[in-house]
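Engineer: If you want the building blocks of each chain, they are given just below.
Protein chains: 2
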Amino acid sequence: MLPFARVAIVGLGLIGSSIARGVRAAMPTVRLTGYDADLDVRATAERIELVDDVADTPGAAVIDADLVIFCIPVGAMGAAAAELAHDLPADAIVSDVGSCKAEVARALREALPAATIVPAHPVAGTEQSGPEAGFASLFHHRWCIVTPLADSPGAAVERVAEFWRRLGAQVELMAPEHHDRVLAVTSHLPHLIAYTIVGTASDLEEVTRSEVIKYSAGGFRDFTRIAASDPTMWRDVFLTNREAVLEMLQRFSEDLSHLSRAIRWGKGDELFDLFTRTRAVRRSIVEQGQDSAAADFGRAHD
Amino acid sequence: MLPFARVAIVGLGLIGSSIARGVRAAMPTVRLTGYDADLDVRATAERIELVDDVADTPGAAVIDADLVIFCIPVGAMGAAAAELAHDLPADAIVSDVGSCKAEVARALREALPAATIVPAHPVAGTEQSGPEAGFASLFHHRWCIVTPLADSPGAAVERVAEFWRRLGAQVELMAPEHHDRVLAVTSHLPHLIAYTIVGTASDLEEVTRSEVIKYSAGGFRDFTRIAASDPTMWRDVFLTNREAVLEMLQRFSEDLSHLSRAIRWGKGDELFDLFTRTRAVRRSIVEQGQDSAAADFGRAHD
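Quick mapping for you: the protein sequence lines, in order, are chains P and E.
Count along the first sequence starting at 1, add 139, and that's the number in this note's numbering.
Count along the second sequence starting at 1, add 139, and that's the number in this note's numbering.
So here's chain P without its partners, still in its complex pose:
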C-alpha cells in the first residue's frame, strides 16, 4: 500500500522537483500538486508538467493533500507554513527537507500548532538549482534522516519513512539536535570552507582570477562545485544552525593552526600521519557506497 495518495510539494527547486520526478517514477498513481513562490518557477513547472497541478497559492496546493512537503530554504519554512495553515487538511502529515532540523521543527510547530509534523532531511543534492535541475534518482542509495518531534505519532513517522524508501533512500531516525551536529560537520562546515576558499582565491591581487581558473584542476575546482550551491539556501543554513556550525568551525580552525605549525617547523612525520589517516576515511566512504570508486569522481577524461 502506498504511504500517501495525494502529495503536495511546496517549493519546486532541485529537491522539490526531484521528489516530484521520484514520485512519478516510483508511485505513479499518487496525485501530485505543487506550489512555488516564484512565478517563473511555477510557469516552468507547468511547462515541463512536473506535477498534476501547479497551484497559484500554497493553500490551493495543499487543500486535498495527505502529505505536504516543504522544499524551501530553512529560513522560509515558518512563514510558508503559516500561509497555508487555514487550508491544511486536519489529517495531513507535514514534512520538509531542510538541512537544519531543530529550528525548522520549532518554526513548523509554531505555525501549525495542531498539525502532525514529521521533519526529514534527504542527504542528497547537486550544486544546481531550479525545477529543471531535479531528477528521479537523486535519492537512490542516499540516506534520508527522519527527525520526529516528541509528539509525532509512530504511524506517521513510518509513513514518511516508507515514502522515502520508495524514492530509493535508506532511512535513519535521529533526534533533531543530534542531526544538526552531524550535518554541521558532514555538510555545513564543508560548504562554509568551500565558499571561503573560493572567495579567498578570487580576491588575490598578485595571482589573477584568470590564473586561478586556468590552473584550478590542481584541486581548487573541486571546491568550486560546492561553492556554486544555492546562495539563499546556504545563507539560511548557516544562520539557522549557527551554534553547531560555529563550534565545528572552531575545531577546524584549531586543527588548521596545528597543521600550519607543523609545516612551519618542518614536522614531516605529523603531516604524513594525518594524510595517511585521511586516505583511510576516503576508502571507507567508497566501500560504503557513499561515493564512486572511480578516480577523480569518474570525471570524464576525454
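There's no promise every hint is true.
Since the list can't tell identical chains apart, any single copy or any two copies may satisfy a pair.
In silico SDA-like pairs for lysine to any residue, Cα to Cα no more than 20 Å straight-line [stated by the list, open to error]: (1) Lys406 - Pro228; (2) Lys406 - Thr371; (3) Lys406 - Ser396.
Hints in this document: simulated from the structure, not taken from any laboratory.
Use these hints to put chain E onto chain P, whose structure you have.
Structural biologist: Showing chain E alone in chain P's frame:
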C-alpha cells in the same frame, strides 16, 4: 618531427605512468625507459609493459635518453638527480613534473651543474597512486606550466613544451616563483584544507566516524577525494613550498574568521553576496573547460 626520440621516466607512479601511456599513444616510435626506486613498482611496470625497458638503476634508465623526466615527490628530486648524474648524456634535457618549481629547480641544478634543465608541471592528476593508476588522456585539455631556468636554452624549452602539447596539454610559460604562488592557491591550499577537515571530522567524539561516512554526501565526500592523495607527495609539497602555502593559509584564515563573524552576528547579506560571487567562479571554470558542466561532477546517479 618528434621533440624527443628516447625518453627516460624516473618514477613510475600516477604521473610517470600516465606520461608513459601518453607517449605510447601520441608518439609511438619513441623509445621509453623507466626506473622506480620501489622494486614492486618496477615489477608491476614490467608486467604491464609500461615502457620498453624497466632499468634496475636510475643510471641505466637514462644512459641513452634525450629527455629525462623526474616524476617523484619534490623532496626526492635532488638525491635522485645526484644518483644518475654520472650516467646522464651531455645533450639530454632534464625535466620534472613537481608541484613546486623554485626549490626543485635549485635542487636539480645543484645535483646536475652542467645539465640542460627545463622544469615543468602538468596541472593534472587524480587521488590515486601507482603505475596502474595512470592513463594516457590524463593531460588532455589540462595546462602544463613550463618554468625555464635563467640558463635554459630557448630551443630546449620549446622541445619540452612540444612534448607536452603532444601529450594533449596546453602549455604556458611562467617564472618558477610565480608558479609557486599560483599553485599555492589553486592546488596546495585546497589540499591542505581538505586534509584538515577530514582529520577534524574523524576526530569528533560525539559525532561518530560511522555517521561522518554515512552522511558524507552532504558535501564532505568531495573533500575526502583530495584528502586521499598520496601522503609522501603532499608532505613534500607543503614542506617545500612552505612560505607561499603559509601565506595563502593566513589569508584563508582571515577570510574564515570574517565569515564566522558574519554568521555569529547574523549578517545574512554578507553571506549571500559571497555565495553569489563564488557561484560565478564555478561558472567561469566550467566555461573555460576546466571542469564538467554536469551536475555533481557527472557522478553516476544510478
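Engineer: A separate judgement is required for each hint: does it hold in the structure or not?
Structural biologist: Comparing the hints with the structure gives:
In this homomeric assembly, Lys406 and Pro228 never come within 20 Å of each other (Cα to Cα): the closest approach is 64 Å inside a single copy and 37 Å across copies. Taking the closest pair of Cα atoms, Lys406 and Thr371 come within 20 Å of each other only across two copies (13 Å); inside a single copy the shortest separation is 41 Å, beyond that limit. Proximity of Lys406 to Ser396 under the C-alpha cut-off of 20 Å is restricted to the intra-copy arrangement: shortest distance 13 Å within a copy versus 26 Å between copies.
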